[in-house]
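Peer 1: Sequence:
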Amino acid sequence: MKIRSLIVGFLFVSAFATTAAASPIAPKELTTQVQNVIKLLSDGDAVGYPKATMVQRIKRGKYDEVDLVVFSIEGFSGGNNYQQYFAIFSKKTTTHRKQHFMLIDVMHIGGGSWRAIQKLDAKTTSNLIDVAFLGQGHWGDDILSTLKNQTMVDNIKNGSTILIDALENSGMDSPNFPSKKTTIKLVLKGGRLYEQEAQ
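Counted from 1, the sequence shown has number 500 at position 51 by the numbering used here; the numbering is strictly sequential.
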């Protein structure tokens, strides 16, 4: 039984490492911002696990893009545990022509005995970039009425849906070895992330 558990554990870690490695290399400026977020979320004992960080870039046109990031923090209260987080950053160019990644929002999305994202390959059901760049404030109908693109208006009002495949712990799974396939449904609305319960 122990040998079987070790084999399963090895396969799980190997698969996780493979999918994480397939993620595009994040620029230094983005990595620094992720590290800053980790420091804010840590309890003083927990630290980030860079090898498990996954990045997905969504582009529109030549300049506009947002970065979706899944990262892990381990060792809360000095224990053998980890939590996964999902964050969205928008890429900006400062007045000094430097690259800057601004955090839009971050949320707890997985962890031991719950669920895990092994590969970040998110799908969006509307224009995430319109929502990310324009949906961070409170938009009244008077402002929205000035936008000519009705799809953009609908996205800001109703939010943009982000779908992410994950594995969830079932009753028979060990804490860090989820096996039940699931899809996480997130909504980015008004610059904040919300999770929609499965129907």
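Read the hints as simulated data drawn from the structure, not as lab findings.
A hint or two may mislead.
[Unchecked claim] Heads up, simulated DSS-like pairs for lysine-lysine below, C-alpha to C-alpha not over 25 angstroms straight-line:
#: 1; residue 1: Lys477; residue 2: Lys568
#: 2; residue 1: Lys540; residue 2: Lys634
#: 3; residue 1: Lys568; residue 2: Lys634
#: 4; residue 1: Lys540; residue 2: Lys477
[What the hints assert, rightly or not] What follows is a set of in silico ranges between Cβ atoms, one per label pair, in the way DEER data are often shown:
#: 5; residue 1: Lys629; residue 2: Thr544; range: 30 to 38 angstroms
#: 6; residue 1: Met556; residue 2: Gly527; range: 18 to 26 angstroms
#: 7; residue 1: Lys629; residue 2: Ser491; range: 45 to 53 angstroms
#: 8; residue 1: Thr574; residue 2: Gln484; range: 24 to 32 angstroms
#: 9; residue 1: Thr542; residue 2: Tyr498; range: 15 to 23 angstroms
#: 10; residue 1: Ser562; residue 2: Leu612; range: 18 to 26 angstroms
#: 11; residue 1: Lys477; residue 2: Lys508; range: 16 to 24 angstroms
#: 12; residue 1: Asp614; residue 2: Gln548; range: 16 to 24 angstroms
#: 13; residue 1: Arg506; residue 2: Met556; range: 25 to 33 angstroms
#: 14; residue 1: Thr542; residue 2: Pro624; range: 16 to 24 angstroms
#: 15; residue 1: Val496; residue 2: Thr632; range: 28 to 36 angstroms
#: 16; residue 1: His545; residue 2: Lys629; range: 35 to 43 angstroms
#: 17; residue 1: Gln548; residue 2: Lys488; range: 19 to 27 angstroms
Positions of the beta carbon are idealized from the N, C-alpha and C atoms, including for glycine.
Peer 1: Next step is simple, just say for each hint if it's right about the structure.
Peer 2: Comparing the hints with the structure gives:
1. Lys477 / Lys568: With a Cα-Cα distance of about 21 angstroms, the restraint between Lys477 and Lys568 holds, given a limit of 25 angstroms.
2. Lys540 / Lys634: Cα-Cα ~23 angstroms, so holds.
3. Lys568 / Lys634: Satisfied, since the Cα-Cα distance of roughly 15 angstroms is no more than 25 angstroms.
4. Lys540 / Lys477: Since the Cα atoms of Lys540 and Lys477 sit roughly 13 angstroms apart, the hinted pair holds (cutoff 25 angstroms).
5. Lys629 / Thr544: 30 to 38 angstroms: The hint (30 to 38 angstroms, Cβ to Cβ) is violated, given that Lys629 and Thr544 are roughly 49 angstroms apart.
6. Met556 / Gly527: 18 to 26 angstroms: holds (24 angstroms)
7. Lys629 / Ser491: 45 to 53 angstroms: Once the Cβ atoms are compared, 29 angstroms apart, the range 45 to 53 angstroms for Ser491 and Lys629 is violated.
8. Thr574 / Gln484: 24 to 32 angstroms: Between Thr574 and Gln484, where Cβ atoms are some 31 angstroms apart, the hint holds.
9. Thr542 / Tyr498: 15 to 23 angstroms: Distance hint for Thr542, Tyr498 is violated at roughly 30 angstroms.
10. Ser562 / Leu612: 18 to 26 angstroms: Between Ser562 and Leu612, where Cβ atoms are some 23 angstroms apart, the hint holds.
11. Lys477 / Lys508: 16 to 24 angstroms: Because 19 angstroms falls inside the window, the suggested range holds.
12. Asp614 / Gln548: 16 to 24 angstroms: violated (30 angstroms)
13. Arg506 / Met556: 25 to 33 angstroms: violated (19 angstroms)
14. Thr542 / Pro624: 16 to 24 angstroms: Since the Cβ atoms of Thr542 and Pro624 sit about 43 angstroms apart, the hinted range of 16 to 24 angstroms is violated.
15. Val496 / Thr632: 28 to 36 angstroms: Given a distance of about 30 angstroms, which is inside 28 to 36 angstroms, the answer is holds.
16. His545 / Lys629: 35 to 43 angstroms: violated (49 angstroms)
17. Gln548 / Lys488: 19 to 27 angstroms: Distance hint for Gln548, Lys488 holds at roughly 21 angstroms.
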